[in-house]
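Q: Each chain, written out:
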Amino acid sequence: MKKTITVLALLAAITLTTAFATTVDEGTKILKIIDGQSNFEGSDFSATLSMISEDPEDGIDKTVVYQFRDDDGDKFLMLIKEPTINKGQGYLKIDDNLWFYDPSSRKFSHTSMKEQFNNSDANNSDFTSSSLLEDYKVVGVDEGKLGSYEVNILSLEALNDEVTYPTQKLYVAKNGNVTLKKEEFSKNNTLLRSSYFTKYQVVDGNYMPTYMIYQDELVEGKKTTIQIRNISTADLPDSVFTKSYIERVNN
Amino acid sequence: MNYLKIANRNVNRHKKKSNMLTFAIAFGTMVIIVIQSLTAGFTVNIENGITSSLGGHIYINGDEQLESGKVVSMISDVDILQAAIDEVDSTLIKSYQKRSNVSGTVIFHSQSTSSAVVGIDWEKEQTLKDNLVLTEGALVGIEDPNNIILSQDAYDDLAVDIGDDVVFSFQTVSGQENVASYTIIGVVQSNSLIGVSSNYVAIDGLNEMLGLQKGEYQSLTIELNDANNMVAIQQTIETSIENNGGILPLPQDDEDGGFMATRMSMFVTEVGQDWEGTRFTISNLGDYTEAVISILNIINIIAYVIFFIMLVITMIGLINTFRLIMNERVLEIGTMRAMGMQKKDVKKLFNIEGILIALKGVPYGLIAALVITRLASFIPNNSSKGALSLILKDNHLYFPINIGFIAFVAVLVTLISLFAVSRPVNNALKKTVADELR
Amino acid sequence: MKKLISALLIAAIVPTFIFADNLDSLFENTEIMDNNSLFSDDSLFEGDNLFETEVVTSSSNINLVDDLLTSGVEISGSYSFKFKTGLKYDFDTQGEPSYFSSSNISTGIELSARPTTDTRFYAEASLSFPFENTEDDVTTPTVNEEYNFFNIDELFYDFAIDDYYFRVGKQTLNMGVGYFYSPANFLNISSISPLSPEDEQEGPLAIKINKPLGSDNLYAYLTFPNTSDYDPTDVGVTLRMEKVIGDGEYSLSGFYTYDQAQSPTKIALTASTSIFTDVDIIAEVVESYDGSEFNFSGTAGIQVMKDIEGLTDTSVSFIAQYYYNQDGVTLIGPNSFDATHQLGAVLSASLPNDLRFSLSSINVLSESSGVLLGNLCYDMSDNLSIDLGANYTYGASNTIQPYIGITLGQGDF
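Chains as they are written, first to last, in the working numbering: chain Z, 2 to 252; chain H, 5 to 442; chain V, 117 to 529.
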């Protein structure tokens, strides 16, 4: 009898453990889907970026830029629309060469960016790619609700102590498997930042967040809102990355 | 003929023009001396500031390479280092301090400020404890890992009080975000070393936050009784580390020097050398001041360019004015020559006039420079932080007096005066006596 | 049976507790600042509008490239009111100092109309209304009716034919790289004023054709005299090639017009390169030939710009430039003015607390004259700034002018 109870208890434990593991497995699959959704390597990219920074000390700053990228050709163009004082200014980068255009004097200033860009990896993956699966493991999955959306709440633990945020919590919409909210914690489990992704757009079959709010949980009242509009991954003509285009677009 | 008497009388007779020349010479002299004194003061203050900020003469940092190849700042081979220090003649060492430090952000509600936190072994660093000048609070309870001595800069920026809790956001040695909460028990005068002021906590608590094990730390600073021994003692320590199986960096190019080797431990990057355990990087005060002085040299170059431009302007102004004077005194020159004075006599007379004017102007310029520098040095800058505090002495500008340079400027300006006089005089003397008298 | 159920229950509960415990331990000391949040999580995700309706593909019809070129009609501009007053002391006369004051309103208006992506019409005009004050009298301004207060700065039309981009009309043509002096900028009607080097130069009536070649460019210019009636031989032709080599950008230009006596043939070389981080070197050489003799002019300069680490909102820049003009002597009435050798330098700094400082020196070395300008500006707000400064001139006149100035209502729209 004793033996039977022990075996049954073990079987029950194994069953429940398996159920537990299934939940974590599902969570791992969801993480893989999230990573895969934000892979835009190899595409040209153009968009309008608006960023509003709210800082209790510095006030509110709004920046609107038009951004064009050709990663294969190592070309980048940024045109500033706001703030008004910088309107019309442009930065054109081709390989290690950078030109700055001042619309008030109609002058291009050239400089070499070799030292600055030597160790940088300025391409789409900077802000669109995700590699959570490489750095984290799922240690728990809960269900919940965020507003009107059913979510899976994934608890992540870093796989090594070199990852910036040792623990994270992702609130992933069941419909579409997109992250609605992300909480990033310090090594001693203090909430450092909450990120909200309140709008998504399907770009080349993947989901890309187009409205993001980053709230600093340590400094009261400090947050940044980013909106990305007019997204396109169509091939950009070479004529975009020229001085002529900057002059024609500007006043 | 008493040239000096005649020249002096001429100078006093043409008061207006002479005063104008005197003013130009005085102004040029003043600007040159003020600029040179200012940059010299920067140099002296930076040297002194680095010595007091770093707390010693020899600095030992450690790097360790993680499995991923990432290099982090820490010293875990503490026995090797201790053995190396024990080999140095103890009479040469005044004290040594083990420390950890990290830069981050101190936050109080909606206010935040960039700052560094230094972990101190308060039981061992009695000297620091005795010499720490608090503007508020007391050191009671400083061994508690939850307490902090805040720098004056951070205290003012955050508008906090003794007893308030602040949050310090930073990264561990391996680059992970972490947060610590501290209670303010005291406020110390700021001692920032370019950019970031330092706050003090107990080292054990900080090490745990940084991800270090008990007994580990990030740097060791040695204060010597005589700074002249620092190179020799550094070599003794390096030899001992190598003999005990410790690791030192690969040989650097001469141009990079010890400063770059030290600074490499501040960056978490690949360095082209694979090793296990702690790689020790040792530098001394001379390496730091060398790098900072090179930055100052750039400031000096700009100062000398301005100095040169001022000299050129002064000289051109003088030539111009003397030319006007010569034009007005052509008749006088003609009269003197008609009465038998030779060209060289006339030239001698005007040269002496030029020297007299310079000798009048230079002292005025000196006095003006002294007054301006003394007045400027009285103006306190109580909100000094970052690079500004490093170039100040007790929150004031410092203008050392360099007698040699002042003498050099006096001679130079006098020579310029002579040159400025000679050209118009030579031009004036090219005319015939008859033309001059017409 | 009872014991079996108990065992199963224990087996079920224990892992749950462990699981929960793990979660709890993960989120110990968590401070979610709900009370201080400006919004609630739930309020952000109400409704069913998480996904944009539009789907983006590589063949999508969003075309930001063309959108920026078809922005309809835009009117923009700038405005400011400036008032300045101070003392003027003449070292030559050594009389009593005199007061001076000046004020002006200036407005720039720009109109840009883009009927298609390949075409654009642009007009820029500036209006300014100065008042002139007599000495010691700042209370009764009078209008200077002779001042030309309205000026058409640019008026041109852009269009493209394949990869060739045309700009036709009155336009600023910048070919040089110099800051204070730019002999290679010979197509513009006005030269850079060393006292205001960042002002836009007035350009000629011209046709500009640009063919981009990657990071390089080819230009051709036809420039027309500024009158309605002229000889066809007065039209100038310029060809220019811009090339990036290593860390630098270099250009070679050639200008020709039939009437060389009036407009000498010119060849110009420019170079702009970085030698260290934040340190740039520029140089220009121009050789011109008027049919009988050659004239050489050139300039070289250094530019250093640096943000000061550790000090927020602080940056320093230093620019120095030397200019040589072989034919620098001009006649002004009965007198000649020798501008063969010139030197310009400026040290400027952007400081914390909305302060800006600049110290400039513009010198005509061959005339032994020049001006030193020092200025400290405090931006009290977006619409109000105060300037304190002094100008010292030497050479033909030796004067010093300390002043205070106010700029009100400055901005762009």
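Just so you know, these hints were derived from the structure itself, not from any lab. Careful: at least some of the hints might be erroneous.
[To be verified] Which residues of chain V face chain H? A partial, calculated answer using Cβ under 7 Å:
(1) Thr209
(2) Phe473
(3) Ser477
(4) Ser484
(5) Tyr510
Being a predicted model, the structure only gives us computed values, none of them experimental. Glycine included, every Cβ here is placed at the ideal spot set by N, Cα and C.
Q: Checking against the hints above, which ones are violated?
A: 1, 2
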